[in-house]
Structures are given as structure tokens and as C-alpha cells.
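One letter stands for each residue in the lines below.
Number of protein chains: 2
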Amino acid sequence: MDNIEKLEQIVTNAKQWILDAGAQIRQSFTTNTLEINFKENPSDLVTDMDKQIEKFFIKKINETFPKHRILGEEGFGDDVKSLEGTVWIIDPIDGTMNFVHMKRHFAISVGIYHNGSGVVGLIYDVVNDELFSGIKGKGAFLNEQPLKKLQAIEIKEAVIGMNAGWLLEKERIHPSILPPLIQSVRGTRSFGSAAIELAYVASGKIDGYISLRLSPWDFAAGKVIIEEVGGHVTTICGEQLVLLNKQTPLFAARPGLHSEIVNNYIKN
Amino acid sequence: MDNIEKLEQIVTNAKQWILDAGAQIRQSFTTNTLEINFKENPSDLVTDMDKQIEKFFIKKINETFPKHRILGEEGFGDDVKSLEGTVWIIDPIDGTMNFVHMKRHFAISVGIYHNGSGVVGLIYDVVNDELFSGIKGKGAFLNEQPLKKLQAIEIKEAVIGMNAGWLLEKERIHPSILPPLIQSVRGTRSFGSAAIELAYVASGKIDGYISLRLSPWDFAAGKVIIEEVGGHVTTICGEQLVLLNKQTPLFAARPGLHSEIVNNYIKN
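Residue numbers (my numbering), protein chains in the order written: chain R, 135 to 402; chain W, 135 to 402.
One or more hints might be untrue.
With a Cα cut of at most 20 Å, we get these calculated SDA-like pairs of lysine to any residue [what the hints assert, rightly or not]:
no., chain 1, residue 1, chain 2, residue 2
1, W, Lys304, R, Gly338
2, R, Lys290, W, Leu179
3, W, Lys237, R, Gln285
4, W, Lys237, R, Lys149
5, R, Lys304, W, Ser310
6, W, Lys290, R, Ser177
7, W, Lys290, R, Val180
8, W, Lys304, R, Ser318
9, W, Lys173, R, Ser318
10, R, Lys304, W, Ile316
11, R, Lys304, W, Pro313
12, R, Lys237, W, Phe275
13, W, Lys237, R, Gly338
14, R, Lys290, W, Met236
15, R, Lys237, R, Gln161
16, R, Lys290, W, Asp263
17, R, Lys237, W, Glu291
18, R, Lys149, R, Leu281
19, W, Lys173, R, Lys149
20, R, Lys290, R, Val253
21, R, Lys290, W, Lys283
22, W, Lys237, R, Ile287
23, R, Lys290, W, Val234
24, R, Lys272, R, Thr146
25, R, Lys304, W, Leu302
26, W, Lys290, R, Ile170
27, W, Lys283, R, Met236
28, R, Lys304, W, Lys173
29, R, Lys290, W, Thr382
Note that these hints are calculated values from the structure, not bench results.
The task is simple: from the sequences and hints, build the whole structure.
The following block contains the structure:
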């Protein structure tokens, strides 16, 4: 960012907008009839709330920071092909299936990148009113509480976020790779929201998270927050993420555990 | 039960005790150092809180209903070999791994059976302060709110609770059975607590739940609650549960969806 005053202004605004957006979503539970549509397939849902929230962010950002560009899941932002300058990467509702089915376990995810480097990450678990935040070099927080630096643990003590469906994705990963990992860890979970699972990695509630097909808006915020507490967010093979790629196979974990899983299970 | 006054007394007491127990657990987050031990393997955790809560229930039940017997996960209750008379089936903390790792996504589960028939089911999501309850013939509730009768849905709209690990349990289910189901449903989730996932089925947040190895205390309460809203809780093959069996392969789901999955996926 140009200077620290500007960064503080960006963070203050972004936090306020994410809380306002969360209030709009909570309000919709009591008043609105949800309009649900499909994108590419019956599992890829989008609602009028996803669109409303993305447009809300775009309006606020354009008014306040007219030079910033916006990459949003629902496509109302800019046609972002590079990460030059300041780019907001937004998932208005991460975990739309949970939003529709459960009215919980979904989040607003906002990552702010400057010249390709993650500067701010915000993940707001709307129903639990939990705002996970990270600012590069300044630490990570759950609401106002600082998150602790992540420590290494043994693999047999690790709980990993991983959906059962990935075991069937034989074209994206060899079918011999994930089973030994599942058998070595203490347990697996799948909460159905990449943003929430990344926030759980950052706050030590789970120890790692694997997803074989994520888009920038799914992990842009989580990456900043996790790296602020010493965790690693890479491709499943341990390589640096190319942020604008879609269908990224992603692996996030505590330090130590990350290299152990990459070296002894994924690359083995 | 002998008469309705007695049943009301049982329900009133059971609800109060479960709320009291929940308060003890929440209190432990701020004051106690948790003592964690293993049962049969490093994934099978037990804490001093599991034991304390089970003992709390046993003391209360013995004082108030001295003729009732108690089957508890931690083994401090009676040596229950039949379901004659009134039997309380208790999991003091269902989802102990979540309790230890996440301090959320665990529940207290209390099922009360009379001569083998489920009469009362209580599942308390302690951190969310959500008490799911069912009383045979009198409906099911989330806190004071009645739960709606479950309606059939199409399989492509269904979200199913199922842990990734079950895809590797080749001795318990043929490896060709679960993959087509996973590919047909809208999504799978795994929250790591059978009681919570059964409560989610009862309240329509998820549409089905599969676990290949459950004990009576994991599902005794959930079965009563789900059946009160018209859902089905059976073995994975659609057969009646033998309540006292351990390692039960269980399938719970909405009406319609239950028979479709049993007939077209499991038995196919």
C-alpha cells in the first residue's frame, strides 16, 4: 500500500462493510424469500443474496477507493487479469450450499492484494459473528483476540478438512495418494466452506485443509490470515499458488505438518 | 412410561440436567486444564469432562429415578444387557475430538427408552446453546420451536453427512457402493459428531447421515427426534436397528430419500 494511513483506512472500511454485509444476510433469514439458481451444475448454487452482497462491496469500494480493482465470484467486478495495483478478491457468500441448506457454516471472504502480495485477509462467519482477520506483518485476530502462532504437531494428532468427494476425483489426484493420509491422521472433517475451513486452520481448530478445486476468492483471504500465524498455503504439491488460477488444488496447514504431508504423502 | 405425569417429570428433569451439564462444559473452557486420554487408539479420545458429565447424569438419575438404568459411553452406568424397563442412554460428550480440538461442534446426547422403545431424545449443541428434543408422539423441537415434518426431496438436491474415512472401510461396505451415492448427491459434509449430524437431519439442515460404526449412545436420542419428524433411522441396509449393538452401520434420512438411497444405491 502507498502508506500506512491508507492501509488503516482500507482495513477499517473493509471490516465495517463486511459486518454490514453480514447484517444484511442475517436480516434476509427473517424477511426474504431466497431466489436460488444453478451455475454450471446442480451442486453449484447461487442466490440473489450472493449477488446483492457482491454488488454492495463493489459500490462501497468504487466510491471510496476508485483506483482499486475488484475480482468477485459472481462476476460483477472488474475483468481482473493481473494483480497490479490494489485488487479486492471477494467471495460474497463462501459456502452457498450451506447458506441455502443450513443457514449456517458460510462466510464472507475478502482478500486485499497489492501488486500480487496479500496485505489484508478478512473472513466473517456471519451466523457465529466471528470475524477472522489478518494484516500482513501485523498478526491475525479472531474478532479483537490475537490468534496464536501455529505450532507443529504429529500427524497422528492432526484433524484435516477434506471432503469425501476428493477421494473420487481420480483425474485430479492419483487414487493411491489420499487414502494413506486419511488413515494416518486423527480424523477428517468437511464443513463445506473453504473460507471457514481456512479460518479454522488459522485459529488451530483444524490442522490442515485440502481442496482440489478452488478459485481465488475461496482462499485469497485465508492465505493472508494463515501466513500471519506461521502456517503455509500452497498447491497440494507444496508449490507457490498462482493466485488468479481457477481450479487450484490447495493445501493449507500448520508449519511442520505441511512439509511432512507434502513430502511423505503427496509427493511420495 | 407408567403415566404422563411421570413422563413430564422425566422430560423436565432431563432437560434441566442437560442444560446444567452444558454450563459445566462451557465453564471448563475458561477455568480447567483438560486431561485428555486415549481409549483404543489415538483417534478415540476421552477427557475428564466426558467422565465428569456422565457421573453428573448418573448421580441425578439415581437420586430422582432410582429404578431407571443407565447406559453411558464412559461405562460408569449400569451393565445394560437388555432394554427392559426405563433405560437412559447417554453420551456425555459426543464429538470428543471436536471438543478437544475445536471447542465446538460437540453435543450431549440423552435418549430415554422404555421397554425397548424410544420415548425421549435430547441432543444439546452446547456451544450454540441449541437443544434438539423429541418426545414420542408429541413432536420434535429446537429449543421451544417445533421442527417441521420432513418432506421428500430429489437425490440431486440432497446433502449427506458422511466422513471421507468410510470410503476406505472396505471390510464394512463394498468399495463400489458409496462412490455412486457421493456422485449423485449435491454434496457431502462431515461435522464430526453423530449426535449433531442426526440433529441436523431432524431439523432439515442436512438430508441424510451415514456412519458405518456407531454405538447406542451415539444415536439413541437422534433416532427418537428424527422419527418424530417423519424421518427414518435404520441400518445402512434399511433394516431395523438393534439398539444395544455396538459398531452399528447406520443410515438416517428424510422419508423418500431414505428408501431411494437404500434401494438404488446400497442394495443395488
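Verification of the hints:
{"no.": "1", "hint": "W:Lys304 x R:Gly338", "verdict": "32 Å, violated"}
{"no.": "2", "hint": "R:Lys290 x W:Leu179", "verdict": "12 Å, holds"}
{"no.": "3", "hint": "W:Lys237 x R:Gln285", "verdict": "18 Å, holds"}
{"no.": "4", "hint": "W:Lys237 x R:Lys149", "verdict": "25 Å, violated"}
{"no.": "5", "hint": "R:Lys304 x W:Ser310", "verdict": "15 Å, holds"}
{"no.": "6", "hint": "W:Lys290 x R:Ser177", "verdict": "8 Å, holds"}
{"no.": "7", "hint": "W:Lys290 x R:Val180", "verdict": "16 Å, holds"}
{"no.": "8", "hint": "W:Lys304 x R:Ser318", "verdict": "16 Å, holds"}
{"no.": "9", "hint": "W:Lys173 x R:Ser318", "verdict": "17 Å, holds"}
{"no.": "10", "hint": "R:Lys304 x W:Ile316", "verdict": "14 Å, holds"}
{"no.": "11", "hint": "R:Lys304 x W:Pro313", "verdict": "12 Å, holds"}
{"no.": "12", "hint": "R:Lys237 x W:Phe275", "verdict": "17 Å, holds"}
{"no.": "13", "hint": "W:Lys237 x R:Gly338", "verdict": "11 Å, holds"}
{"no.": "14", "hint": "R:Lys290 x W:Met236", "verdict": "16 Å, holds"}
{"no.": "15", "hint": "R:Lys237 x R:Gln161", "verdict": "12 Å, holds"}
{"no.": "16", "hint": "R:Lys290 x W:Asp263", "verdict": "31 Å, violated"}
{"no.": "17", "hint": "R:Lys237 x W:Glu291", "verdict": "16 Å, holds"}
{"no.": "18", "hint": "R:Lys149 x R:Leu281", "verdict": "17 Å, holds"}
{"no.": "19", "hint": "W:Lys173 x R:Lys149", "verdict": "44 Å, violated"}
{"no.": "20", "hint": "R:Lys290 x R:Val253", "verdict": "33 Å, violated"}
{"no.": "21", "hint": "R:Lys290 x W:Lys283", "verdict": "42 Å, violated"}
{"no.": "22", "hint": "W:Lys237 x R:Ile287", "verdict": "18 Å, holds"}
{"no.": "23", "hint": "R:Lys290 x W:Val234", "verdict": "14 Å, holds"}
{"no.": "24", "hint": "R:Lys272 x R:Thr146", "verdict": "14 Å, holds"}
{"no.": "25", "hint": "R:Lys304 x W:Leu302", "verdict": "15 Å, holds"}
{"no.": "26", "hint": "W:Lys290 x R:Ile170", "verdict": "15 Å, holds"}
{"no.": "27", "hint": "W:Lys283 x R:Met236", "verdict": "16 Å, holds"}
{"no.": "28", "hint": "R:Lys304 x W:Lys173", "verdict": "35 Å, violated"}
{"no.": "29", "hint": "R:Lys290 x W:Thr382", "verdict": "25 Å, violated"}
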